[in-house]
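Chains as they are written, first to last, in this note's numbering: chain A, 17 to 244; chain B, 17 to 244; chain C, 17 to 244; chain D, 17 to 244.
It is worth saying that the hints were derived from the structure and are not from the lab.
Among the clues, some could well be false.
Treat identical chains as interchangeable: a pair holds within one or across any two.
With a cut-off of at most 25 Å between alpha-carbon atoms, the simulated SDA-like pairs for lysine to any residue come out as follows [unchecked claim]:
| no. | residue 1 | residue 2 |
| --- | --- | --- |
| 1 | Lys41 | Ser108 |
| 2 | Lys228 | Thr182 |
| 3 | Lys228 | Ile88 |
| 4 | Lys41 | Gly106 |
| 5 | Lys132 | Ser122 |
| 6 | Lys132 | Ser192 |
These numbers were taken from a predicted model, which means no experiment stands behind them.
Protein chains: 4
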Amino acid sequence: MTQGKITVPLILVNFKCYLEATGAKAVQLASFARKATEKYGVTVAVAPQAADLRLVSQQTKVPVFAQHIDPISAGSHTGHVLAESVRDAGASGTLVNHSERRLEVSAIEEIISRAKGLGLATVVCANTSGISSAIASLGPDMIAVEPPELIGRGVAVSKAKPEVVTDTVGRIRNISREVVILCGAGITSGEDVKAALELGTQGVLVASGVVKAKDQAAAIEDLANACR
Amino acid sequence: MTQGKITVPLILVNFKCYLEATGAKAVQLASFARKATEKYGVTVAVAPQAADLRLVSQQTKVPVFAQHIDPISAGSHTGHVLAESVRDAGASGTLVNHSERRLEVSAIEEIISRAKGLGLATVVCANTSGISSAIASLGPDMIAVEPPELIGRGVAVSKAKPEVVTDTVGRIRNISREVVILCGAGITSGEDVKAALELGTQGVLVASGVVKAKDQAAAIEDLANACR
Amino acid sequence: MTQGKITVPLILVNFKCYLEATGAKAVQLASFARKATEKYGVTVAVAPQAADLRLVSQQTKVPVFAQHIDPISAGSHTGHVLAESVRDAGASGTLVNHSERRLEVSAIEEIISRAKGLGLATVVCANTSGISSAIASLGPDMIAVEPPELIGRGVAVSKAKPEVVTDTVGRIRNISREVVILCGAGITSGEDVKAALELGTQGVLVASGVVKAKDQAAAIEDLANACR
Amino acid sequence: MTQGKITVPLILVNFKCYLEATGAKAVQLASFARKATEKYGVTVAVAPQAADLRLVSQQTKVPVFAQHIDPISAGSHTGHVLAESVRDAGASGTLVNHSERRLEVSAIEEIISRAKGLGLATVVCANTSGISSAIASLGPDMIAVEPPELIGRGVAVSKAKPEVVTDTVGRIRNISREVVILCGAGITSGEDVKAALELGTQGVLVASGVVKAKDQAAAIEDLANACR
């Protein structure tokens with residue numbers, strides 16, 4: 017199914033700054049993502065570090081997301097990340113406001129606007145139902161919700177009370193029917209992916225559950241298989 | 017001449033977030049740098065955006081610097097720049113604390129320490145003589161001094177009073193004999209490079225003077241020729 | 017009229033870091049605000065610097081707002097502004113996310129939550145209609161809208177096209193019926209206040225128009241008179 | 017003894033954002049400081065929150081420090097801390113770059129310069145020997161050194177290896193003979209104060225050891241007594 021320009025369900029793997037997903041290992045992990053897509057017909061996208069964007073997008077056919085872009089236009093911005101640059105390197109979208117890279121609300125709005133102008137899809141992270149509905153008003157393509165009950169507590173979404181996710185989905189849907197909602201916490205297994213989709217999300221944002229897995233390929237396939 | 021592991025005089029061209037130095041144009045500009053090195057025997061290095069580091073380092077033989085790295089170790093740092101990643105992408109050094117990307121003093125110290133551990137050369141920017149001598153105490157490989165009288169005022173170092181630069185060089189030398197000193201402002205012509213070297217620096221950090229030049233190749237050659 | 021616990025229309029004067037509104041001059045300006053309230057029956061509140069909160073609240077009967085509080089609880093937060101401290105000093109509310117003190121969206125949510133728990137009213141600033149409606153989802157007591165067409169351009173709201181304000185008011189009202197809306201830009205005269213109220217706001221946030229006026233008392237009375 | 021305008025040895029008590037040192041309790045704690053000064057002849061100064069500066073300086077005769085000021089001049093800086101404002105409120109100095117409020121190196125330099133112009137003494141915090149010597153180049157009145165071996169590990173300076181402090185003191189003295197050095201970590205008892213003074217510092221910066229003590233007055237007197 018395609019919701020707007022994004023095909024859902026979507027599994028987006030955030031490589032963070034893990035050495036297990038840097039350089040040649042980023043390419044390898046992206047190739048596992050590609051194989052899962054071919055095997056199960058579900059979109060698996062990846063978000064490598066900035067310096068690996070071009071390498072991964074050239075050597076695999078996987079949709080590639082930046083982990084962050086700055087709210088700037090081309091010019092004198094040493095050390096920043098320009099939207100045009102990540103697009104030139106092959107990115108088709110970007111994470112925004114990840115919990116490890118929080119932004120001012122005006123920056124989020126400007127990044128969404130710039131990304132839209134360049135055809136980059138935006139996945140804005142939000143860690144409460146209030147913030148999720150606030151973000152929905154800014155018009156991103158996707159929102160990755162990180163219910164505080166699930167973040168960093170080792171609670172799987174499949175084991176949590178349903179309202180932890182459905183409340184947030186409900187508040188977002190009051191603001192926007194179109195925005196794609198990803199479950200951005202509590203995903204470590206295919207069972208969690210199934211639960212997330214049943215609770216009204218259209219996909220998942222995962223990181224260590226895949227990147228730090230002993231068998232990265234098997235971990236991705238487990239998630240992808242659950243989306244069928 | 018080689019001062020420590022860095023060959024001086026050094027011309028370092030900062031590509032900032034200029035579209036004239038992004039993607040394929042970053043490679044082209046780096047190739048002009050390479051030609052200037054071959055022609056005049058002076059090291060010309062470049063600092064492209066993060067997403068272009070690997071492209072430039074693979075397609076040219078020019079020493080490549082990152083524009084910024086974060087004071088982090090590998091791990092959960094979405095949207096940050098990991099030293100190991102830029103080194104893997106071919107960088108041999110990094111700018112630190114550029115005026116467009118100022119850092120807390122403890123971050124500067126940690127970045128210098130991390131870079132040293134990975135064999136990355138550090139060029140720390142400093143905008144007054146006081147800050148320049150402060151930075152010297154943190155042990156970087158190079159300091160790019162940006163005398164406030166020269167920054168953003170269109171004053172060329174070759175036209176300024178000598179003490180604008182020599183005072184800063186003197187204060188740095190009271191702290192460190194080894195650190196390489198670059199002149200980081202007031203450079204638009206070969207005449208400026210000559211003046212900077214005569215005032216006790218070992219090279220220059222330039223940006224728009226080269227990147228925004230109508231004839232980028234000619235602009236680089238003019239600077240390189242002045243170092244002979 | 018009282019909307020929730022806040023009496024509207026409201027004129028809120030932001031003292032910023034102006035010397036014309038520091039220390040004894042802050043008390044004097046607050047006393048002008050008090051006189052305008054007595055004369056015209058409209059609430060005029062003031063937002064002095066943190067170090068002047070107690071002085072102003074003790075020496076005048078004017079409602080006092082902090083200019084900022086941090087999203088922290090009591091403890092080891094050297095150099096930050098604790099909600100309990102400004103309340104103890106007499107504040108009955110606080111500005112949040114002013115354009116000169118932008119905050120991460122999660123910080124805004126936490127500040128609103130903390131302020132509510134302590135009975136402090138929140139005035140969250142927002143500079144576009146998108147951000148205004150986003151902020152409305154976070155449940156503040158008041159939103160000060162700063163239409164970009166009016167900020168820093170010397171355009172008075174009374175001279176601007178009505179939709180510059182009404183669009184934003186409309187988007188906020190889609191999210192919340194209760195939130196008090198202040199016009200936070202384009203106010204320099206009583207005529208502007210009238211226009212702002214007619215366009216659907218319940219008051220104004222002003223700064224230099226009052227603080228920098230040759231006759232501060234007259235400037236405040238002009239605004240208050242327009243609210244009758 | 018007076019070193020420059022500052023009388024040493026100095027005990028500086030940082031009130032942080034502790035409720036045990038907010039409002040009326042800030043005044044009480046400052047009065048304990050005053051009594052210790054009268055009893056033992058050693059300067060005990062306090063650093064309350066911004067909103068308590070005037071209250072404490074008016075109701076006690078204790079030297080009062082701000083916990084932070086911003087690198088700004090008077091004007092449009094909503095929510096910031098203006099040097100002129102804290103001086104007007106009775107402060108005779110300010111902490112700078114505390115580990116809970118780190119600053120960019122250029123901000124530290126500007127704050128020192130502004131404070132000097134207004135006659136405010138600066139105590140700049142520094143957490144390694146490298147940073148301590150860097151800060152010394154910026155010309156503050158005092159440096160509070162926080163050896164990483166002592167911070168937050170419950171190690172008392174009196175129990176630590178001497179070189180943890182003497183190395184830092186030595187590096188600072190290579191840069192400046194005049195700067196007053198405070199020991200900013202590892203102080204919980206009079207024995208620690210004695211050790212700190214013997215290792216070449218001229219005083220101490222303390223916080224929880226006094227503020228959180230069951231008997232604040234006794235805790236201060238224990239420290240002051242050790243300075244005689």
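Each hint, compared with the structure:
1. Both within a single protomer and between protomers do Lys41 and Ser108 lie at most 25 Å apart by alpha-carbon distance, with minima of 21 Å and 21 Å respectively.
2. When the C-alpha separation of Lys228 and Thr182 is checked against a cutoff of 25 Å, the pair qualifies neither within a copy, at 28 Å, nor between copies, at 43 Å.
3. For the identical chains of this complex, Lys228 and Ile88 are inter-copy neighbours only, at 18 Å across copies versus 33 Å inside a copy, given an alpha-carbon limit of 25 Å.
4. In this assembly of identical chains, the alpha carbons of Lys41 and Gly106 lie at most 25 Å apart whether taken from the same copy (18 Å) or from different copies (16 Å).
5. Proximity of Lys132 and Ser122 under a CA criterion of 25 Å is satisfied in both settings, with 15 Å inside one chain copy and 24 Å between copies.
6. With identical chains, the CA atoms of Lys132 and Ser192 are at most 25 Å apart within one copy only, with a shortest distance of 17 Å there and 27 Å across copies.
Violated hint: 2 only; the structure is consistent with all others.
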